[in-house]
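There are 4 protein chains.
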Amino acid sequence: MSKPTPAFGFNPTDELNDLRMSAKALPLYEHVKRFITETVAPMAEKYEALGKNRVGEERWQYAPGQLELLNAAKDQAKKEGLWNFFLPDAETGEGLSNLDYAYIASELGKVPLASESMNCSAPDTGNMEVLERVGTPEQKERWLKPLLNGEIRSAYAMTEVHHASSDAKNVATSAVLDGDEWVINGEKHYISGAGSPRCKIFITMVRTSPDAPAHKQQSMILVPKDTPGVKIVGAMHVFAEDHAPHGHMHIVFDNVRVPKSNMLLGEGRGFEISQLRLGPGRIHHCMRSIGAAEKALDLMVERGISREAFGKQLAWLGGNVEIISRARIEIESMRLMVLKAAKAMDVLGNREARQWVHMVKAMVPERVCKIIDQAIQMHGALGVSQHTPLAHMYAQQRTLRLADGPDEVHHLVVGRNEIRMHEGSKEDDASMAAVFRN
Amino acid sequence: MSKPTPAFGFNPTDELNDLRMSAKALPLYEHVKRFITETVAPMAEKYEALGKNRVGEERWQYAPGQLELLNAAKDQAKKEGLWNFFLPDAETGEGLSNLDYAYIASELGKVPLASESMNCSAPDTGNMEVLERVGTPEQKERWLKPLLNGEIRSAYAMTEVHHASSDAKNVATSAVLDGDEWVINGEKHYISGAGSPRCKIFITMVRTSPDAPAHKQQSMILVPKDTPGVKIVGAMHVFAEDHAPHGHMHIVFDNVRVPKSNMLLGEGRGFEISQLRLGPGRIHHCMRSIGAAEKALDLMVERGISREAFGKQLAWLGGNVEIISRARIEIESMRLMVLKAAKAMDVLGNREARQWVHMVKAMVPERVCKIIDQAIQMHGALGVSQHTPLAHMYAQQRTLRLADGPDEVHHLVVGRNEIRMHEGSKEDDASMAAVFRN
Amino acid sequence: MSKPTPAFGFNPTDELNDLRMSAKALPLYEHVKRFITETVAPMAEKYEALGKNRVGEERWQYAPGQLELLNAAKDQAKKEGLWNFFLPDAETGEGLSNLDYAYIASELGKVPLASESMNCSAPDTGNMEVLERVGTPEQKERWLKPLLNGEIRSAYAMTEVHHASSDAKNVATSAVLDGDEWVINGEKHYISGAGSPRCKIFITMVRTSPDAPAHKQQSMILVPKDTPGVKIVGAMHVFAEDHAPHGHMHIVFDNVRVPKSNMLLGEGRGFEISQLRLGPGRIHHCMRSIGAAEKALDLMVERGISREAFGKQLAWLGGNVEIISRARIEIESMRLMVLKAAKAMDVLGNREARQWVHMVKAMVPERVCKIIDQAIQMHGALGVSQHTPLAHMYAQQRTLRLADGPDEVHHLVVGRNEIRMHEGSKEDDASMAAVFRN
Amino acid sequence: MSKPTPAFGFNPTDELNDLRMSAKALPLYEHVKRFITETVAPMAEKYEALGKNRVGEERWQYAPGQLELLNAAKDQAKKEGLWNFFLPDAETGEGLSNLDYAYIASELGKVPLASESMNCSAPDTGNMEVLERVGTPEQKERWLKPLLNGEIRSAYAMTEVHHASSDAKNVATSAVLDGDEWVINGEKHYISGAGSPRCKIFITMVRTSPDAPAHKQQSMILVPKDTPGVKIVGAMHVFAEDHAPHGHMHIVFDNVRVPKSNMLLGEGRGFEISQLRLGPGRIHHCMRSIGAAEKALDLMVERGISREAFGKQLAWLGGNVEIISRARIEIESMRLMVLKAAKAMDVLGNREARQWVHMVKAMVPERVCKIIDQAIQMHGALGVSQHTPLAHMYAQQRTLRLADGPDEVHHLVVGRNEIRMHEGSKEDDASMAAVFRN
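Protein chains in written order, with full-length UniProt numbering: chain A, 1 to 438; chain B, 1 to 438; chain C, 1 to 438; chain D, 1 to 438.
Think of the hints as simulated: they come from the structure by calculation, not from any bench.
Every value quoted in this text rests on a predicted model; they were computed, and no experiment measured them.
One or more hints might be untrue.
Derived DEER-like restraints, expressed as beta-carbon distance ranges [stated by the list, open to error]:
no.	chain 1	residue 1	chain 2	residue 2	range
1	D	D18	B	G56	54 to 60 Å
2	A	H31	D	L67	56 to 62 Å
3	B	E48	C	P224	33 to 39 Å
4	C	A212	A	V183	56 to 62 Å
5	D	E30	C	K46	44 to 50 Å
6	D	E352	B	G349	54 to 60 Å
7	D	K145	C	D18	45 to 51 Å
8	B	N185	A	E308	42 to 48 Å
9	C	R351	D	E58	57 to 63 Å
10	D	K52	A	R351	58 to 64 Å
Each residue gets a CB set at the ideal place from its N, CA and C atoms; glycine is no exception.
Using the sequences and the hints given, assemble the complete structure.
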């Protein structure tokens, strides 16, 4: 018989099953929703209009007026106290729990630029969390402070060009100590946000210790974007979008030299940091995806009741009403799973809660893709055009099925854990390769 | 934009999102689990063994010794206070909330006879709830009391042979007042439990008022099983099982006469009572289904790790580990949805919570069928045989996709509600037919 | 790039793409259809009626009158020349190609007893083919002749109780030579047809040569059912059906002695024979499944247009019309795939065509299950009862997903072959284990 | 019981089941494959390279050198006799059957520009077929001739901005006779190919006869692109691609005047022409989709064997080998269905064969989307980038699920036909609206 683990909360009175937002977070939540409606949404519309019709290289600069618009919203957010609330239990004090943040992040997922306006956008959130948790005072002063102030942005340089990065041991970008400097050589791509002129710093996964055990070979190191040898080759597209000027950049590190002190936490601890970083990052994505799914369902139903064919509203033709029902059921299921995973992180800690995080990461983007796809179908050809947000939303969610580990890897971890519970064993994630060689 | 309704609990601090079992129910929950393991499971095994090899008509009687075994367990349950706890807010006092019951019912779903041992088995639960809510003192004395004591059992005679009973207006069994008696004529089938010699009373849906508006034509009336004219034609099978002696009976009502006082609540109020009855009934089924799904996953993984082919454990062959992962994710999603629906019934009342009940009824049996089917596949031919419980479990869950409204009807109600939220309208369930004629 | 193989028929003018039945088979096909309608269907109805209400042990004998009915139909079939036409290129002369047979078998799949009435029912067909291909003159005289005459029936004893029989190397039932006799010990189950009093002979897979290479250890041997030591333990159920008196028997071989001359083809050649036997057996199942799917769609549509709810025919409610469309599309797709596989066997030979056979075996039963399941859903609770053939049809098709190799194994072979085409390699089936250990 | 129709080819010896390419088409087929490999593929690579890095308005002109490359390939094709072979039974004599073309079109679907190089690309093929079938000698001289020569290109202006164009009665663009001219007003979008400077003529669906019966109100009329009042508003995107310079244009018709003689076939016959046009158009799309699916599977397997994670080739991780198998099975099924539909058009004529065309149009793009999506998943983030053709292929296939009638409409026609067969009725397509109002 299966052996319950704390992660599954089999004690039904456990705090784990209390998925209420805290009373103290409610005003913030209401405030954020108001701020999105009143400030972000109109700003985002103007911002997008300014960016239209820009072509070629100029697309990699912000259009005149764009940053002014965005910065005004950010200043306003800061003034209203809607700032950096993504960071749980931080010394900086906001102290929003993962659960409270989950409710808010779902709202952030509905409107473009909402996250960024309140300094809660990826990949900065994860990077700030890493710096806050493991940075030295100097590293914090130099990079965390301007990030927390929204003055600069950052990138997370993880994915390798030539190796399956779902397997962390595959990191091939090397860092070799030469005197007081690490010399970095390698090639990475899909470095999101690295295209922006405002991006100043990369947290970079490198291999420092090829002779150490498999999970002690990697390190994370700070590489300022303007370091000589950092060459941005181009932008990786996502279903024909380049997301300029943010971008998902292809970068070559060619004898890039950074001071020894840029190492995070210590040599060989890269995998450890990535574990710390990935939990919240993955769940934040999924929280926002709930908001995206809500928006897609909204659009689907609106279209369904505003368009007729064969003498009936589309929503009432064929199986459409069942499609709408199934979308609602999926959304409520996913919402509860995300809330539960967030609560598990709050109550059990990121490590003990990781089964829940893997479950929602394997579950949510795939199902949200399906809902957006059905919303596209309800719109006819308009659904794939630039005149609804759906094609862009689809591209984003589809990419999430690959980012931070493809669905398959998350399923393998979840399934393996289930098997282990039956076997009564307690092996570590690190033994994934062993499992597959089994 | 969509208009939130209280049912969706958009205020995230709302009690609705607190899915913890109450502290006072925890001892009962633990007690029930212990009782199932220590008393019910061994009893059920002996009970089943006694029933083996019985053939033909004798199968419709309990085998010698069976009732003694079952009654001993029931007496023990009663003595230990594990009795009738299904009934929320009853005058009889147990007062278990739907949420608390949901946790317990999931355990009941894992072991045969667990529900009945504690007098919590369908269709008696629903029938007792109806009698408790709308019965006259005389009706309660005559029928509710022995049901609550576990002395008799009951059936719910709803489904018609010749009409789609998912559409309540289709009830054709007539009841005509003749002096002080109602004279009932008609034909029903799938009357579960009516085969048992212990079944003494049917709550019967009849049509009394053909000239009233569509939803005021039906009434519910008490028909003792031994009334002259009640003819049991035979048992409806479920994937070749007849579930004797319980049975799902085909019954003809041929000039059956019952006193006027057997009417429940009043003429023309049958649809109203059926709404009251269906909410809890549907959710109880789904709660137990969660337990069944857990058991199927348990069996799937056990088989997967205890059998080898091509030099590997089955669990690690091909896509099996992903199948296991997806089953776990579905189970946790369904569990949370069932808990949320139960909580909604507690907080909002059955009527306001009905969207949640429709969602889980449309969601749970279909997905549990899939998990059981995958467990069957992992077992090879053994999975469809009598040597695992899986084929029987599949037959039960597959039937649930048809009982108390087929999946399609629940999806149509959920989808319609979603559309209505967008349209801002508030029409009643009663207008379903209008919708489809739309 | 992929390397086309003959099996995929990339030369588009190839005979492989001519899926027409031969002109000479058409009269037989028409005759068979007429015979089924006029003779088999009414006979099957009477036959089934005679079998009703039989209970306990008597069920394992034919009911009085049953065999007379069946034998009359068989005699009639023989007289009309509708006999043994399953056997391609046989010395006995019928010479029906696999393709021609595929069209006919689809008709056989629609009506119970149609196959048996024309001596074309499993497992006899496969057993007769084995005897015809590899039997000695004595073996043919003793067993093939009465089988071809329809005087006796046979079983194929392959599946082991304690080992995954999808991996042929797992055969554990041993046969040891002792003088002029093989002494057999082991335990098998799901031996279909072994329950019938008419079943006289088992083709039995045993392990004779434990020290030979993995695929040379097994042999096939003839074991008369009445040999001392053959103990029938009981019948394996299939979703609560025991298919008495045919049955899927659990059998213990306890020091069963048969003459040395009962060996088929030679020691160590069991795997070779099983390959020969499985190709046609698998495709015959799938041919009949097409007929079953047609019947399920027929029933689904008939129900859909004869029943109303909410003021509309069921067929026009919700997504039902799309379900009907998808069923038709699946049926036509499966039909073409089965015809193509049959043609491939005719043109390329069983070995070269095996990729096609694996494809249809992986494809057809799973999809037919789905169509039958949807037909059940359209019928409401009636669909799972004994009053439609659907539950029985579902049980049969569901079992086909496990028999002769579970779906997963067929997918693994098909996928592996696809990979091999890309790799340009040509390894043998025998290396399956190597692949999984890869 | 169902009533077979000729379309389903229940006579198994029928020519309908002979899916062989004709012997006379084989040399053409082989020639086309050679031409694609030797001439088109290298040309397309250069062509694409020239188009890179073009931005803004200049993208709507061909890049210097592009047309020269393309025209050289076209001249070569013409010289080699690989020209216009899409047109069945044309006076111009090529006389390729739909079946023969189906085999060839599948090859065209694998390489960009292959269709156009041989003057077989949509929408010109459909437009040429319309002109060839129903054009006056003057219309043929003026427009068909240069189209057949590959000198100009054309567009098909059907889809309306403000109405569901899946319902042909919804056409709102009006044409009013004013003396000898039709005056056209309306708004259309997704007019594919209308962006190209080489596009000279639109076949335009207009409403001429608002008082006629529902299917006699529409007409088709020739509108030269340079007619005053034809205003190209912009390009509709497809998942962020604008397909410049081809484009899917949004066009306003503002008092556009064309001579009376530009009417095709006659007033009120637009629906009739659209039926004629859609059959071949739809099937051509599906034929090419088979080629796209083959290419996606090729890429999927190549990636699966060339990349490792956790010590194994991706193809052998988790369920990937089953995904590969299912893709192969789907491709072979779709191929056979497309061939059968093409053959049905050859043998039965477009009208009688339309059930087959609806089946493949409902079946193929949806399943090809799934295969491409799985190929994307196997590639990780690279799969959604510009460095594989997969994202572009996905966008194209996804759009096909909406073009020429969304999947849902095709399923409704197929399902309705199935129901009609059971009812024995023979109503016309024209009664679709009646059906939905049923």
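Review point. When the hints from earlier in the document are held up against this structure, which numbers fail?
Key: Per hint list: 5, 7 and 10 violated.
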